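A.B. asks: Go by the hints and put chain B onto chain A.
There are 2 protein chains.
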Amino acid sequence: MIEEKGILFILSGPSGVGKGTVRKALFEQSTDLKYSISMTTREPREGERDGVDYFFKTREEFEKLIGEGQLIEHAEYVGNYYGTPKQYVQQTLDEGKDVFLEIEVQGALKVRENFPEGVFIFLIPPSLEELKDRIVNRGTETEEKVKNRLSAAKEEIEMMDAYDYVVVNDQVDSAVHKVQSIVLSEHCKRERVAHEYKKALEADQS
Amino acid sequence: MIEEKGILFILSGPSGVGKGTVRKALFEQSTDLKYSISMTTREPREGERDGVDYFFKTREEFEKLIGEGQLIEHAEYVGNYYGTPKQYVQQTLDEGKDVFLEIEVQGALKVRENFPEGVFIFLIPPSLEELKDRIVNRGTETEEKVKNRLSAAKEEIEMMDAYDYVVVNDQVDSAVHKVQSIVLSEHCKRERVAHEYKKALEADQS
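Chains A and B, in that order, give the protein sequences.
Taking my numbering, the leading residue of the first sequence gets 1, the next gets one more, and so forth.
Taking my numbering, the leading residue of the second sequence gets 1, the next gets one more, and so forth.
These aren't lab readings, by the way, just hints derived from the structure by calculation.
Heads up, a few of these hints could be off.
[As the list claims (entries may be wrong)] Simulated pairs of lysine-lysine, BS3-like, Cα-Cα distance not exceeding 27 Å: (1) A:Lys198 - B:Lys110; (2) B:Lys24 - B:Lys34; (3) A:Lys198 - B:Lys147; (4) B:Lys97 - B:Lys24; (5) A:Lys97 - B:Lys189.
[Said to hold, decoys possible] Residues from chain B that face chain A, not an exhaustive set, calculated with beta carbons under 7 Å: (6) Met160; (7) Asp164; (8) Lys178.
[Stated by the list, open to error] Covered stretches of chain A, going by a simulated chain B footprint (3 or more residues, C-beta under 8 Å): (9) 158-171; (10) 177-183; (11) 187-201.
This one's a predicted model, so the numbers in the text were calculated from it and none came from an experiment.
For glycine and all other residues, C-beta sits at the position ideal for the given N, C-alpha and C.
Chain A extracted, bound-state conformation:
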């Protein structure tokens, strides 16, 4: 029996772009993707459940896991730890299932160090797309206004460089459809499919 590993998909982007909204809409639809639940030390909010929304841990537990190298990445925001448990991701990929992470930009860069073969998707705000169109179409806006937007935009554009795909979050449905297309087309990549066939042929000869 040949097991082909799953693919790790990472959705990231500037804060406030709507990563969580896109992720939730994606998982409301039928999908074979397995969502990797983050770990945190913050208190559960009303309605949040352990193992569904987050894995809730004490500070001591979290720091122990860091020390043992059991997190792919972690960061501290407003006095609380957030991180991605390594075991779930590794085990699910080994079982041949795709894993989906939704994560901050800094965390995504760390995931890339550990999983360079992952598929990294950068979500951008429609404002950035609009800015591009405005420059392209030479609108009537003042030079000054456009310049201020430009310097902010340049930072976001530079962030893209570590990613494989860029999706504009102009409409949630459209962004979800694009992410689904990326998932499907990644499974059709020749390197991956040819590898499966070659393994099958080798297995036959062994």
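C.D. replies: Just chain B now, with coordinates in the frame of chain A:
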């Protein structure tokens, strides 16, 4: 005004795999793809229209076009020429529209020489996929039977190497959906999107 070039998609695969069926089903749906009509010297069949099914040319006209380098690729089957006109493809791409070719394997390799940036999709028969599953799952078939299939399969698998994507034609709808996903995800590729933004920013500074 910045014009971004369209993407050239090439659907190919072993003869008899059902390329034409997938292409027709794809164009029955709503799509922004522009289909590049082939040129031929064979007689129109009943119901076929010039400029719709093929561009019908005399042998003299066709050979003149070959001599002038106006075909991306051409081949002779059963005494008739078939080829892909260069002008339509080039002009449509320049207008920022995607072009779709459905073509034999030998022709696809020639297109690759002229358009290495094209996206090459290889359609494989379900029998090849079934063969893989059979090897993987170690079915009850005789050694001999599997061996004969294997040598035929190996040739097809080697053909894959010149392609970017591999799509199994197990069900036409499913194959069409995969091709559509490839088209959409190629438009989300970071190199392409980042390039558009950088061009927009440069245009602004000029």
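A.B. asks: State for each hint whether it applies.
C.D. replies: Now for the hints, and whether the structure bears them out:
1. A:Lys198 - B:Lys110: Roughly 26 Å separates the two Cα atoms, so the pair holds.
2. B:Lys24 - B:Lys34: holds, 12 Å
3. A:Lys198 - B:Lys147: Holds: Lys198 of chain A and Lys147 of chain B sit about 15 Å apart, inside 27 Å.
4. B:Lys97 - B:Lys24: holds, 19 Å
5. A:Lys97 - B:Lys189: holds, 23 Å
6. Met160: holds, 5 Å
7. Asp164: holds, 6 Å
8. Lys178: At 6 Å from the nearest chain A Cβ, Lys178 of chain B passes the 7 Å test, so the hint holds.
9. 158-171: holds (count 7)
10. 177-183: Since 5 is at least three, the answer is holds.
11. 187-201: With 10 residues close enough to chain B, the hint holds.
Hint compliance for this structure: no hint is broken.
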